[in-house]
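K.L.:
Sequence:
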Amino acid sequence: SPNVPGIRTVYYQLDSRTGPWAQATGSGPFGIALPALSLGAHTLYAFAADRLENAVNCVTGNIAALAFTVLPAPVALSAVKSRKTHAGVDRDLTIRTGVAINGNLSVEPRLIGAGHRLVFQFGGAVSQPGTASVVDAAAAPIGNAAAAVNPLNNSEVIVTLSGIPDGRRVNVTLAGVNSGVNSQAVAVGFLAGDFNDSQAVTAADISGARALNGKTVDDSNARFDVLANGAIDARSITVIKANAGKLLAP
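Numbering of the sequence shown is given in our numbering, commencing with residue 299 and proceeding in unit increments.
Hints in this document: simulated from the structure, not taken from any laboratory. Everything numeric in this text was worked out from a predicted model, so none of it was measured. The beta carbon of each residue, even a glycine, is placed where N, CA and C say it ideally should be. Don't take every hint at face value.
Distance windows between CB atoms, simulated [unchecked claim]:
#: 1; residue 1: T367; residue 2: A502; range: 32 to 42 Å
#: 2; residue 1: R466; residue 2: D388; range: 35 to 45 Å
#: 3; residue 1: D516; residue 2: P370; range: 47 to 57 Å
#: 4; residue 1: A398; residue 2: A365; range: 37 to 47 Å
#: 5; residue 1: N402; residue 2: S425; range: 45 to 55 Å
Subject to a maximum C-alpha distance of 25 Å in a straight line, what follows is the list of computed BS3-like cross-link-like pairs (lysine-lysine) [as the list claims (entries may be wrong)]:
#: 6; residue 1: K379; residue 2: K513
#: 7; residue 1: K379; residue 2: K544
#: 8; residue 1: K539; residue 2: K513
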């Protein structure tokens, strides 16, 4: 209508309609400046005014409520590790990424113990770990997977796997990290005593463990500590020999 004054400015406030109104910059289009916002839901309230001198009594239109959500920054996957604690010390084995489940995948040679832990390492902080799932080579669900941000390092998401039988290969998928739409997947095999990723426990694995009998466990030889008890000894070799000839299931 020609009798309605034109919009001269816009006033706004965040997450409240009872506080002081801030004035937008510009003369159309208008700009607003928001402070650093916490993660989660927010509402921006705004109205258009027909003159600058009295924002309270010059509302041209209704107060608009614009709801939005602040999400964590997306993060890129940098590596995946299989982690077990050996006599109080965490020891990691690198898991190759980008390998098909029926391909030349990495094999975790240590026994499951209280559960296998796959550590997804990212290039930035993670506040929301997403959801983990695990399937076998036939894409059927197997065992259980639970994801949590490492309380000691927020760039890591630890996926704990339980109920995975020895001698199986699986695909582990982590989806929705920091509420992102991308998912991260890694294929890994579990076969106690397969130290060289051959997907079988052979004489070479047994002789390799025997050569380290009595050695102190460190990052270079932790894969041979199949019991994750901090020792490569006769007990380790007994477990390996019991698995001799066992193959990773196709």
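K.L.:
All the hints need checking, so say for each whether the structure fits it.
P.N.:
Hint by hint, here is what the structure shows:
In this structure the hint that T367 and A502 lie 32 to 42 Å apart at CB is violated, the actual value being about 54 Å. As the Cβ distance of R466 to D388 is approximately 24 Å, the hint placing it in 35 to 45 Å is violated. Distance hint for D516 and P370: a CB-CB separation of about 36 Å, inconsistent with the stated range 47 to 57 Å. In this structure the supplied range 37 to 47 Å holds for A398 paired with A365, their Cβ-Cβ distance being about 43 Å.
The supplied range of 45 to 55 Å is broken by N402 and S425, whose beta-carbon atoms lie about 35 Å from each other. Between K379 and K513 the CA atoms are separated by roughly 23 Å; this keeps the pair inside 25 Å, and the hint holds. Pair hint K379 plus K544 holds up; C-alpha atoms about 24 Å apart against a cutoff of 25 Å. The hinted pair formed by K539 and K513 meets the criterion: a straight-line CA distance of about 19 Å does not exceed 25 Å.
The structure fails to meet hints 1, 2, 3, 5 from the earlier list, while all remaining hints are met.
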